[in-house]
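Enquirer: For reference, the chains in residue letters:
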Amino acid sequence: MTVTVKFWSYFRDLTGCTQTTTSLPEGTTLGALHQKMIEQFPKLAGTGNCTLKAVGVDYQDDDHVLSDGDEVSLFPPVQGG
Amino acid sequence: MTVTVKFWSYFRDLTGCTQTTTSLPEGTTLGALHQKMIEQFPKLAGTGNCTLKAVGVDYQDDDHVLSDGDEVSLFPPVQGG
Amino acid sequence: MKREITLTRRPITTAAQDMGSDMGAVVTFHGVVRDKEDATPISAIDYEANELMARHQFGLIFDALEQEWPLESVRLIHRLGVVPVNEPSLWVEVIAPHRAEAFAACQHLINEMKKKVPIWKHPVA
Amino acid sequence: MKREITLTRRPITTAAQDMGSDMGAVVTFHGVVRDKEDATPISAIDYEANELMARHQFGLIFDALEQEWPLESVRLIHRLGVVPVNEPSLWVEVIAPHRAEAFAACQHLINEMKKKVPIWKHPVA
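Protein chains in written order, with the numbering used here: chain A, 1 to 81; chain B, 1 to 81; chain C, 1 to 125; chain D, 1 to 125.
I should point out that these hints are in silico values taken from the structure, not numbers from a laboratory. On a predicted model such as this, the values are computed, not experimentally measured, just so you know. Just so it is clear, CB atoms sit at the ideal spot from N, CA and C, and this is done for glycine as well. Treat each hint with caution, since some may be false.
[What the hints assert, rightly or not] Cβ pair distances, simulated, as ranges:
{"no.": "1", "chain 1": "A", "residue 1": "T21", "chain 2": "D", "residue 2": "P84", "range": "34 to 40 Å"}
{"no.": "2", "chain 1": "A", "residue 1": "P42", "chain 2": "D", "residue 2": "D46", "range": "42 to 48 Å"}
{"no.": "3", "chain 1": "D", "residue 1": "G59", "chain 2": "C", "residue 2": "K114", "range": "33 to 39 Å"}
{"no.": "4", "chain 1": "D", "residue 1": "E51", "chain 2": "A", "residue 2": "T21", "range": "17 to 23 Å"}
[Said to hold, decoys possible] If we take Cβ atoms under 7 Å as the criterion, some of the chain A residues that face chain D in the derived model are:
{"no.": "5", "residue": "S9"}
{"no.": "6", "residue": "M37"}
{"no.": "7", "residue": "F41"}
{"no.": "8", "residue": "Q79"}
In isolation and in its complexed conformation, chain A is listed as follows (with noise of 0.2 Å):
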């Protein structure tokens, strides 16, 4: 299936890109795309534990399982306000 990974804030310097589309096996879960991402953008990998992640407009946790057409968002703290 493919899914595609949209990057915010100082996460686009950090992978050089706002979006990204990537083919996964069935049943891959948004904590695994997680880690993809890292190893495909290493700069990613120091903010592991302060990363959000929704898929479509909502928030999902690691071991929610991805769909084909997904979009995932990754992002880091929100600061509205």
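We have chain A; now place chains B, C and D onto it with these hints.
Expert: Relative to chain A, chains B, C and D alone:
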């Protein structure tokens, strides 16, 4: 000594006046004045525990000793806002 | 700390003010006359004040605010006399570096006012 | 509960609104850009948002406010893009029957926003 006592809010309805002047022995306390006012205006009796007392613009306790010329205010709980 | 304490018999009007570039939070409160008092319909509230003492007691509360929080400005307007339903009787504005202290100071001011400032309500049927 | 969620790249402008005659409290908050970020002087903050998700997350927070308190109206404006020092980036207004719930809801909204709504700051030197 002579002290002026002003009433506020529904205490004016209970006493039928906005203020009165009273003569007191030297050393009279605010609490004793309050008792005297209850004797003079018996309808104040029911308000005893809910009466706020000020001398001039400051709240004072019952054991506050009054001075000649003091202006005392007696009133129910305040309700600003 | 800039301070303004206004007791007025006219409708409350307010204007924004300039603030220091190190200030990050402005909290305002409008207290508005509701159409019922203890479940009885009313048309207005007639506010009575011991004005001299009220100004003094507000001043003491403002002193305490200034001691407790790093506020740039606290402004308060309390309307007196007959205030119709749906019109504000009270307006408070607090300007502070951060929101926590602005919210805390604004609420503290109102809570203390309701204990200490000699103003009373007379519902108008 | 009336709700308005506005994300805009223009300066924040607000207008008072009519309110029900059983409402007694209006709390507003302005969050204003300060002249320093972590002790470094700045001239502005550039706000970035994941707008679709931000609107959704604000919506969830508004749902929770509506569940918890009897609010008549909650309105929020968050400015995006470059916001100069001394200009507001955030405005919130809560209208409720009593002040306690208006203050609580307003603060809860801002606290939850700062945890969940995908907006980020980029200081401008």
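Enquirer: Tell me if the interface restraint on A:Q79 is satisfied: Cβ within less than 7 Å of some Cβ in chain D.
Expert: 5 Å, holds
Enquirer: Can you verify the interface hint for A:S9: is its Cβ closer than 7 Å to any Cβ in chain D?
Expert: 4 Å, holds
Enquirer: Go through the hint on A:M37 and say holds or violated, using the shortest Cβ distance to chain D against 7 Å.
Expert: 17 Å, violated
Enquirer: With respect to the beta-carbon atoms only, verify the hint that D:E51 and A:T21 lie 17 to 23 Å apart.
Expert: 21 Å, holds
Enquirer: Holds or violated: the 33 to 39 Å window for the beta-carbon distance between D:G59 and C:K114?
Expert: Cβ of D:G59 to Cβ of C:K114: about 35 Å, so the range 33 to 39 Å holds.
Enquirer: Is 34 to 40 Å respected by the C-beta to C-beta distance linking A:T21 and D:P84?
Expert: The hint (34 to 40 Å, Cβ to Cβ) holds, given that A:T21 and D:P84 are roughly 38 Å apart.
Enquirer: Return holds or violated for the Cβ distance of A:P42 and D:D46 against the range 42 to 48 Å.
Expert: For A:P42 and D:D46 the Cβ distance comes to about 27 Å; the hint is violated.
Enquirer: Once the shortest beta carbon distance from A:F41 to chain D is found, is it less than 7 Å?
Expert: Since the shortest Cβ distance to chain D is 18 Å, the answer is violated.
The structure is inconsistent with the numbered hints 2, 6 and 7, although it conforms to all the rest.
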